[in-house]
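K.L.:
Residues per chain, in single letters:
Protein chains: 2
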Amino acid sequence: MRIGIVGYGNIGRGVESAVNKAPDMKLVGVFTRRDPATVSTLSGAPVFAYDQLKAMKQDIDVLVICGGSATDLPWMTPELAGSFNVIDSFDTHAKIPEHFANVNAAAFASGKVAIISCGWDPGYFSLARILSDAALPDGDSYTFWGRGVSQGHSDAIRRIDGVLDARQYTVPIPAAVEKVRNNEHPTFTARDMHLRECYVVAAEGADKAEIEKAIKTMPNYFDEYDTTVTFVTQEELDKNHSGLPHGGSVIRSGRTGNDMEFDNTIEFTLDLDSNPYFTGSILTAAARAAFRLNEEGQCGAKTLFDVPPAYLSQHTREELLAHML
Amino acid sequence: MRIGIVGYGNIGRGVESAVNKAPDMKLVGVFTRRDPATVSTLSGAPVFAYDQLKAMKQDIDVLVICGGSATDLPWMTPELAGSFNVIDSFDTHAKIPEHFANVNAAAFASGKVAIISCGWDPGYFSLARILSDAALPDGDSYTFWGRGVSQGHSDAIRRIDGVLDARQYTVPIPAAVEKVRNNEHPTFTARDMHLRECYVVAAEGADKAEIEKAIKTMPNYFDEYDTTVTFVTQEELDKNHSGLPHGGSVIRSGRTGNDMEFDNTIEFTLDLDSNPYFTGSILTAAARAAFRLNEEGQCGAKTLFDVPPAYLSQHTREELLAHML
Chain D
10 MRIGIVGYGN
20 IGRGVESAVN
30 KAPDMKLVGV
40 FTRRDPATVS
50 TLSGAPVFAY
60 DQLKAMKQDI
70 DVLVICGGSA
80 TDLPWMTPEL
90 AGSFNVIDSF
100 DTHAKIPEHF
110 ANVNAAAFAS
120 GKVAIISCGW
130 DPGYFSLARI
140 LSDAALPDGD
150 SYTFWGRGVS
160 QGHSDAIRRI
170 DGVLDARQYT
180 VPIPAAVEKV
190 RNNEHPTFTA
200 RDMHLRECYV
210 VAAEGADKAE
220 IEKAIKTMPN
230 YFDEYDTTVT
240 FVTQEELDKN
250 HSGLPHGGSV
260 IRSGRTGNDM
270 EFDNTIEFTL
280 DLDSNPYFTG
290 SILTAAARAA
300 FRLNEEGQCG
310 AKTLFDVPPA
320 YLSQHTREEL
330 LAHML
Chain E
10 MRIGIVGYGN
20 IGRGVESAVN
30 KAPDMKLVGV
40 FTRRDPATVS
50 TLSGAPVFAY
60 DQLKAMKQDI
70 DVLVICGGSA
80 TDLPWMTPEL
90 AGSFNVIDSF
100 DTHAKIPEHF
110 ANVNAAAFAS
120 GKVAIISCGW
130 DPGYFSLARI
140 LSDAALPDGD
150 SYTFWGRGVS
160 QGHSDAIRRI
170 DGVLDARQYT
180 VPIPAAVEKV
190 RNNEHPTFTA
200 RDMHLRECYV
210 VAAEGADKAE
220 IEKAIKTMPN
230 YFDEYDTTVT
240 FVTQEELDKN
250 HSGLPHGGSV
260 IRSGRTGNDM
270 EFDNTIEFTL
280 DLDSNPYFTG
290 SILTAAARAA
300 FRLNEEGQCG
310 AKTLFDVPPA
320 YLSQHTREEL
330 LAHML
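Line by line, the protein sequences give chains D and E.
Position one of the first sequence corresponds to residue 10 (the numbering used here), numbered consecutively onward.
Position one of the second sequence corresponds to residue 10 (the numbering used here), numbered consecutively onward.
Treat the hints as calculated values from the structure; they're not laboratory data.
Any given hint could turn out to be false.
The list treats identical chains as interchangeable, and a pair is accepted whether it falls inside one copy or across any two copies.
To be verified - 35 Å max Cα-Cα, derived DSBU-like pairs, lysine-lysine:
1. 30 <-> 188
2. 104 <-> 30
3. 188 <-> 225
4. 66 <-> 248
Construct the entire structure; sequences and hints are all you get.
P.N.:
Written out as structure tokens, the structure reads:
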């Protein structure tokens with residue numbers, strides 16, 4: 010399979026790394042809206058201008074689109090699905106039905122497959138939610154994120170006056186996780202499930218008390234959570250908080266039995282040193298599935314809900330039956 | 010969907026309970042090789058003789074076969090796949106390729122779908138293995154079972170002279186689980202991963218030392234493990250060990266990054282009050298998928314690897330996109 014990467018940020022690098030290691034894939038190159046001469050890839054993969062994509066339609070089997078959900082993917086995924094099998098990691102949960110409809114129209118028209126919202130949430134966490142719900146229809150599902158860096162929350166802090174840099178960790182509250190595991194079927198507020206830990210570099214002379222207040226009262230991002238703010242130097246931030254770890258758990262607690270007398274939990278947990286590299290790895294597996302679905306004649310928008318798990322795997326059916334089933 | 014259950018042991022009861030609660034299913038009845046007059050169902054579902062199946066072909070959309078892997082399923086699943094969409098929970102790992110081939114031939118000839126090896130292992134644990142391998146191709150997977158009752162090991166103890174009853178718990182060793190979670194990529198012997206805890210009721214006058222020795226040295230079942238044997242009265246066994254809890258974890262530890270510099274773990278854990286009722290619940294979800302696959306024109310043998318997860322769910326595509334993705 011010949012793979013192209015559109016966009017070369019952290020996730021694009023993750024896809025590059027995963028594609029280069031996949032025995033059944035070849036990386037054609039990276040496509041960027043920046044000047045290609047200014048972009049150099051980690052593996053030496055060639056860099057092309059976004060506008061060259063049209064001319065290279067015959068050279069690419071699947072495009073992995075590594076753009077942002079806010080402004081890139083809503084137009085880019087439908088546009089590219091008009092000519093290519095595509096994968097994206099669209100993650101604005103509330104707008105997924107709209108995005109799906111737009112991409113579906115384009116991919117149906119072109120006869121290509123577009124798998125949207127592939128990553129770990131949405132993505133593998135979505136699979137954990139659907140599979141655990143199917144096995145335990147009478148129950149409640151809970152998603153805990155972290156401990157990990159939320160780039161959206163870090164960016165929100167950086168936009169405050171007097172803040173030079175910041176890193177925000179989302180932290181699940183252990184007592185909440187325990188209640189779910191103990192089949193208590195709790196009803197949580199946002200505050201009950203997660204803490205927000207902020208490490209902030211303030212400008213010289215900035216009013217730290219004001220910055221702390223601005224963070225803790227920020228609507229949507231922080232006001233509904235217990236938030237801690239720790240001021241650090243840029244050196245400390247760079248030294249102790251430069252990574253992008255993440256993870257979390259989807260837990261479903263549900264009952265079985267004639268009188269619902271049996272409690273059960275299903276738990277799916279990720280612990281990731283690098284969020285973007287793991288996301289890139291899942292996008293790469295999804296690219297394999299898109300190619301195979303299209304080869305068998307399918308088209309239109311899909312999600313991982315529509316993908317037979319075998320299509321994600323680089324192993325043969327014989328290997329899967331013998332070693333993984 | 011009109012569902013029939015073949016065989017009425019613990020798993021058959023689990024399927025009965027799950028089908029009765031599924032809004033999109035109707036239980037036609039239970040089919041047994043015993044005298045139907047001697048079998049009464051928990052929900053009052055009608056009981057038919059196994060031989061009546063042929064005549065009821067038009068009344069059933071999917072048969073869930075709840076027989077044993079040793080002697081029932083090897084002939085029963087191919088025979089019934091010759092006329093029906095079927096589900097089984099065949100779990101003799103080493104013989105899965107052979108069973109798959111036999112069932113596939115029958116289901117292709119009849120134009121029906123047969124999903125084999127549906128349960129939690131093989132089944133949902135298999136899904137955890139394939140999905141985590143696809144996301145982290147460079148890594149190692151480990152399966153821990155328990156703490157839970159192994160019926161095969163309990164039966165093996167009961168066959169020893171002087172044993173009236175027994176219950177065996179398979180217990181994962183916490184230090185081994187921790188090594189995997191810590192990305193140490195350990196190489197384990199059987200003894201490193203699991204303990205075996207046995208609760209045994211001895212006949213009056215039986216030589217307990219001999220029984221304990223016979224258990225601990227039993228080839229395949231116990232000799233490769235550290236095993237504890239505790240003698241209890243029948244009353245104690247009935248009071249404290251009458252349930253069939255089980256569970257366990259599939260953990261994959263794998264690296265991402267250009268220089269494989271990032272460690273990651275994916276963990277899928279089940280904690281089940283009742284093994285057979287959970288198995289019955291998964292078989293029921295698989296029956297839904299078999300019906301849908303056959304409706305769209307597919308036939309032949311399948312495993313959960315071949316099933317788009319959405320097909321297992323009772324929810325509509327709109328609900329899935331809005332609430333689970």
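K.L.:
For each hint, tell me whether it holds in the structure or not.
P.N.:
Status of each hint after checking the structure:
In the homo-oligomer, the alpha carbons of residue 30 and residue 188 lie at most 35 Å apart only across protomers (26 Å), although the nearest pairing inside one protomer, at 41 Å, exceeds that limit. For the identical chains of this complex, residue 104 and residue 30 are neighbours both inside a copy (33 Å) and across copies (32 Å), given an alpha-carbon limit of 35 Å. Taking the shortest Cα distances, residue 188 and residue 225 sit within 35 Å of each other inside one copy (27 Å), while across copies they are farther apart (39 Å). Taking identical chains as interchangeable, the C-alpha atoms of residue 66 and residue 248 are never at most 35 Å apart, the minima being 44 Å within one chain and 69 Å between chains.
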